[in-house]
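Undergrad: Chains as they are written, first to last, in my numbering: chain A, 1 to 144; chain B, 1001 to 1151.
Hints should not be assumed to be uniformly reliable.
Derived DSSO-like pairs: lysine-lysine, alpha-carbon spacing no greater than 30 Å straight-line [to be verified]:
1. A/K64 - A/K113
2. A/K101 - B/K1070
3. B/K1044 - B/K1076
4. A/K25 - A/K109
5. A/K25 - A/K61
6. A/K103 - B/K1079
7. B/K1057 - A/K109
8. A/K25 - B/K1044
9. B/K1070 - A/K103
10. A/K113 - B/K1057
11. B/K1070 - A/K25
12. B/K1044 - B/K1079
13. A/K25 - B/K1079
14. A/K123 - A/K103
15. B/K1079 - A/K113
16. B/K1125 - B/K1044
17. B/K1125 - A/K101
The following residues of chain A were derived to be distant from chain B, with all beta-carbon distances above 12 Å [as the list claims (entries may be wrong)]:
18. S17
19. V56
20. A73
21. G84
22. Y97
23. G127
Cβ-to-Cβ under 10 Å is the rule here; a few derived chain B residues that face chain A [said to hold, decoys possible]:
24. K1020
25. Y1062
26. M1103
27. H1138
Worth flagging that the hints you see were computed from the coordinates, not collected in a lab.
Note that beta-carbon positions come from the ideal geometry of N, C-alpha and C, so glycine has one too.
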Amino acid sequence: MITRMTVTNIHVIDQDSAYDFYINKLGFTLVDDIPMGPETRWLTVSPPEQPDLQLVLFPVKVSKMFPKETAEALIALIRQGVFGCGVLTCNDIFATYEELKAKGVEFIKPPTKEFYGTEALFKDDSGNYFSLQPLNNFSHENGV
Amino acid sequence: MQQEFDYPRVYLYRRVVQAKLFIDNHYADKIDLDNIADEAYFSKFHFIRLFKSVYGKTPHQYLKAVRIEKAKQLLKAGKTVSDACFLVGFDSLSSFSGLFRRMVGQPASAYAEAHQEQQQQIAHKPLAFVPGCYAYQHGWLENSNFEETDR
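So here's chain B without its partners, still in its complex pose:
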């Protein structure tokens, strides 16, 4: 049975974690970060400082990072850039595109295109993406042309 125990400032940790999980679960909604601080019974300043000390980002920065990460997943799943933008909670395509480019290092459309290309390569030749030693041990090389050589 899991044992309960206390450590210093346990209630503060629990509230900051609850706020983080709230963002994880509601990133696509219009989240009012002031309300999160209120619900955690913190002053806004105190809440932001604690959140940043635990997660390395302010709640606002963290929300943006979660939205961009989810957008990457949607683009990989084949959604269009504008669908991805609105599905993760952005109101403006231009602000989404600018933020995506800054955080990911390439435009959302280029990111989607590169991933689709890779998916096609994986579908065409899946064993090229698996270390040969694993493929051999699993017996995946049998009935494949993976070992073909010019000899």
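Isolated chain A (complex conformation):
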């Protein structure tokens, strides 16, 4: 029986820039930042109230994992904003929106009432996008 998700990937184009975005802008907690050679590091972060879920800020560059064509295609798709990386929840969507906007986070959609609740969409520094929703969007009363 599967019990929990513990580690997942966010493919990023530049790890230094991703560090700044996820730590200093989103306010995530740094879990590991371990050098693994001259140009690679094991870089993971967690949402502030979810220390047991590690998001790997996974660099897309030519490597054993990504042949040149694959890396270039993946980087182009990330920059196009093709990949949605999930839903991030917050206590107050309007305050969170104002704070992230003040820190320079680019929103694709401001907080908007949808049939499933209130939602905003923002992009990370690479081009991945996230849905931002208040915790109460997920209550059974909303039918979600």
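Following the hints, position chain B against chain A.
TA: Just chain B, lined up with the frame of chain A:
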């Protein structure tokens, strides 16, 4: 282009967020929380109530939490307990130590020691801190003794 829009009480949200960001940026200074309320054009009571409804803490509680969080980062970076205490804006080492212990669950010195120990282990054997599947996919296991077995 990002579209501007209005939602109920948008100006109140913006002022509370500005106050929070002020604390984030000036936690090491002597912050007068009454002044923050004044600058936000709120009565002190109204300001505290709104701040708490958004962030789950009063401004004073939030300031303490930010200072302790920054102190943890400084201790991890190798600062001494007294350096960490004064660099994040505390005047008294004893009040810092007591608050750190209450909020983190262990004394600041023990926290620093545990982290230094972990850093040494990471420096000694970094792959032990990375899931093996990732290390394998990245090719980090090559030229390492990570896969050594007794066989």
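Undergrad: Compare the structure with the hints numbered earlier in the document and write down the numbers of the violated ones, lowest to highest.
TA: The structure breaks hints 1, 3, 12, 15, 16, 17, 19, 22, 25 and 26; every other hint is satisfied.
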